[in-house]
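Let the hints inform the model, and build the full structure from the sequences given.
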Amino acid sequence: MIYFDNAASSFPKAPGVPEAMSDLLKNYGGNAGRASHKISIKLSELVFDVREKLTLFIGGLDSSKLIFTNNCSEAINTVLFGYLKEGMKVLVSGMEHNAAMRPLRYLEKEKKIILNFFGCSEQGADISDFERQLKKGIDAVVCSACSNVTGYIFPYRELAELAKKHGAVFILDAAQLLGKREMHIGDTAVDIICFPGHKGLLGPHGTGGFYINSDIKFNTLIYGGTGSVSESEYQPEFLPDKFESGTMNLCGIAGLNAALDYVNKITVAEIFRREKELADYLIAGLNNLKSIRIIGNHKNENCGIISILSEKKQICQIAQILDNNDIAVRMGLHCAPAAHRILGTFPNGTLRFSPGFFNKKSEIDFTIELFRDAGL
Amino acid sequence: MIIIITAFSNYTILKISKTLDSNGITSKKIPTPREISSDCGMSIMIETEDLNSLEKILIPVFKDVEHCYLKKEINFEKFNFTGENYGKENH
Numbered sequence: 001m002i003y004f005d006n007a008a009s010s011f012p013k014a015p016g017v018p019e020a021m022s023d024l025l026k027n028y029g030g031n032a033g034r035a036s037h038k039i040s041i042k043l044s045e046l047v048f049d050v051r052e053k054l055t056l057f058i059g060g061l062d063s064s065k066l067i068f069t070n071n072c073s074e075a076i077n078t079v080l081f082g083y084l085k086e087g088m089k090v091l092v093s094g095m096e097h098n099a100a101m102r103p104l105r106y107l108e109k110e111k112k113i114i115l116n117f118f119g120c121s122e123q124g125a126d127i128s129d130f131e132r133q134l135k136k137g138i139d140a141v142v143c144s145a146c147s148n149v150t151g152y153i154f155p156y157r158e159l160a161e162l163a164k165k166h167g168a169v170f171i172l173d174a175a176q177l178l179g180k181r182e183m184h185i186g187d188t189a190v191d192i193i194c195f196p197g198h199k200g201l202l203g204p205h206g207t208g209g210f211y212i213n214s215d216i217k218f219n220t221l222i223y224g225g226t227g228s229v230s231e232s233e234y235q236p237e238f239l240p241d242k243f244e245s246g247t248m249n250l251c252g253i254a255g256l257n258a259a260l261d262y263v264n265k266i267t268v269a270e271i272f273r274r275e276k277e278l279a280d281y282l283i284a285g286l287n288n289l290k291s292i293r294i295i296g297n298h299k300n301e302n303c304g305i306i307s308i309l310s311e312k313k314q315i316c317q318i319a320q321i322l323d324n325n326d327i328a329v330r331m332g333l334h335c336a337p338a339a340h341r342i343l344g345t346f347p348n349g350t351l352r353f354s355p356g357f358f359n360k361k362s363e364i365d366f367t368i369e370l371f372r373d374a375g376l
Numbered sequence: 377m378i379i380i381i382t383a384f385s386n387y388t389i390l391k392i393s394k395t396l397d398s399n400g401i402t403s404k405k406i407p408t409p410r411e412i413s414s415d416c417g418m419s420i421m422i423e424t425e426d427l428n429s430l431e432k433i434l435i436p437v438f439k440d441v442e443h444c445y446l447k448k449e450i451n452f453e454k455f456n457f458t459g460e461n462y463g464k465e466n467h
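Chains G and W supply the protein sequences, listed in that same order. The opening position of the first sequence corresponds to residue 1 in the numbering used here, with each subsequent residue numbered one higher. The opening position of the second sequence corresponds to residue 377 in the numbering used here, with each subsequent residue numbered one higher.
Careful: at least some of the hints might be erroneous.
To be verified - Only part of the chain G face toward chain W is listed, based on derived beta-carbon distances under 7 angstroms:
1) 36
2) 39
3) 44
4) 62
5) 223
6) 224
7) 228
8) 230
9) 234
10) 235
11) 240
12) 337
As the list claims (entries may be wrong) - Derived coverage of chain W by chain G (criterion: at least 3 residues anywhere in the stretch with Cβ under 8 angstroms from a Cβ of chain G; other residues may be distant):
13) 422–428
14) 442–456
Read the hints as simulated data drawn from the structure, not as lab findings. On a predicted model such as this, the values are computed, not experimentally measured, just so you know. We treat Cβ as the ideally placed atom computed from N, Cα and C, and that holds for glycine.
Take a look at the structure:
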């Protein structure tokens with residue numbers, strides 16, 4: 001299988017991930033933070049270590065503010081449902097994934113939050129319009145770090161600074177960027193970063209989290225046992241326990257631990273260099289095919305996600321040809337209808353390539369040759 | 377003497393434990409003694425005769441400490457590292 005669907009989930013996972021997960025399932029019963037026998041302590045230490053590593057990875061200063069969730073969507077939901085109150089004004093990019101848009105639309109309907117959109121186009125974000133919108137008294141900004149359709153990287157540092165200047169909280173969806181670029185958010189005006197563990201970090205499915213990079217407070221989405229202050233029937237207010245009720249995905253966290261060790265060893269800079277090389281190579285190959293149009297401006301900062309259309313075949317036909325040849329891509333709207341409306345590719349969507357660190361140029365050559373053979 | 381440190385969460389116990397480790401202080405995570413807490417988690421046990429050094433090491437994590445206890449033969453004495461309060465509150 002040639003795998004070009006890393007924006008959905010990385011594959012293969014980092015070396016050591018399957019082994020770490022298997023080891024945990026075979027050798028560690030019990031539960032983290034729920035007892036004081038050797039296995040439970042070992043699991044608690046595992047969670048603590050990964051929390052510390054992740055905090056360091058994103059440039060955070062306080063690992064108690066690093067909260068584990070089962071994916072980035074759960075992280076975003078926890079933050080949005082916890083922080084947004086009735087009547088609050090929220091500014092979004094218009095390129096957002098449904099991980100943010102669906103909770104926001106629900107809150108718009110049920111809690112009467114007011115949604116505002118700042119200008120975006122195939123070329124990227126309109127920063128002047130962003131600042132103009134902020135003057136409407138915006139309470140919170142929700143913005144992707146990177147579009148999952150075009151790979152466009154938002155200037156999130158600059159946007160967060162502007163949001164801060166205008167008194168708005170900045171919530172960053174880093175689903176497509178963490179692990180692919182250095183994201184030291186500790187010294188930025190980003191208030192909260194939400195992230196998955198299974199994409200750029202090369203970890204297993206069912207992992208993710210958020211980091212609170214400021215002093216903002218909000219309620220949790222899930223209430224229940226935390227292994228702490230068990231004499232109380234009220235949810236603890238201290239972190240990370242406040243947001244981590246119930247048994248965690250310990251197997252996933254063990255895998256994420258191995259993945260982080262690998263990414264730290266390889267370095268994000270090297271991952272960026274390698275992935276950029278592959279993306280540039282793929283773009284060059286696609287540009288040589290007359291019927292193919294690449295969506296988005298790849299001269300801007302991009303994380304290597306390449307969406308295409310063809311004048312000769314429908315994207316579903318191309319996806320079928322690729323699958324028949326064991327090549328994995330994603331076709332359609334990529335859970336981001338808003339982005340496709342802006343790009344003019346709604347409702348059919350695009351065919352998306354998202355090569356990853358482990359791809360080879362020969363795989364790209366094979367794919368381009370296949371396109372030629374198909375008359376594209 | 378044997379010192380028991382309790383905290384509100386396992387996260388803080390592990391944070392304190394890491395601080396002790398990095399300062400060369402041997403500690404053990406133990407089930408929280410029932411006499412001092414109804415919590416279901418762990419506590420830290422340290423064997424030391426040098427409370428002054430221990431206090432200096434713990435300064436960065438004092439805010440995370442719930443209580444410190446001296447283990448006696450049949451009970452625990454709460455103290456707060458100010459010296460004069462040693463043994464004032466028995467459990």
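Cross-check of the supplied hints:
no., hint, in the structure
1, 36, "holds (4 angstroms)"
2, 39, "violated (12 angstroms)"
3, 44, "holds (5 angstroms)"
4, 62, "violated (10 angstroms)"
5, 223, "violated (16 angstroms)"
6, 224, "violated (14 angstroms)"
7, 228, "holds (4 angstroms)"
8, 230, "holds (4 angstroms)"
9, 234, "violated (13 angstroms)"
10, 235, "violated (12 angstroms)"
11, 240, "holds (6 angstroms)"
12, 337, "violated (39 angstroms)"
13, 422–428, "violated (count 0)"
14, 442–456, "violated (count 0)"
Consistency with the previously given hints fails for numbers 2, 4, 5, 6, 9, 10, 12, 13 and 14, ordered from lowest to highest.
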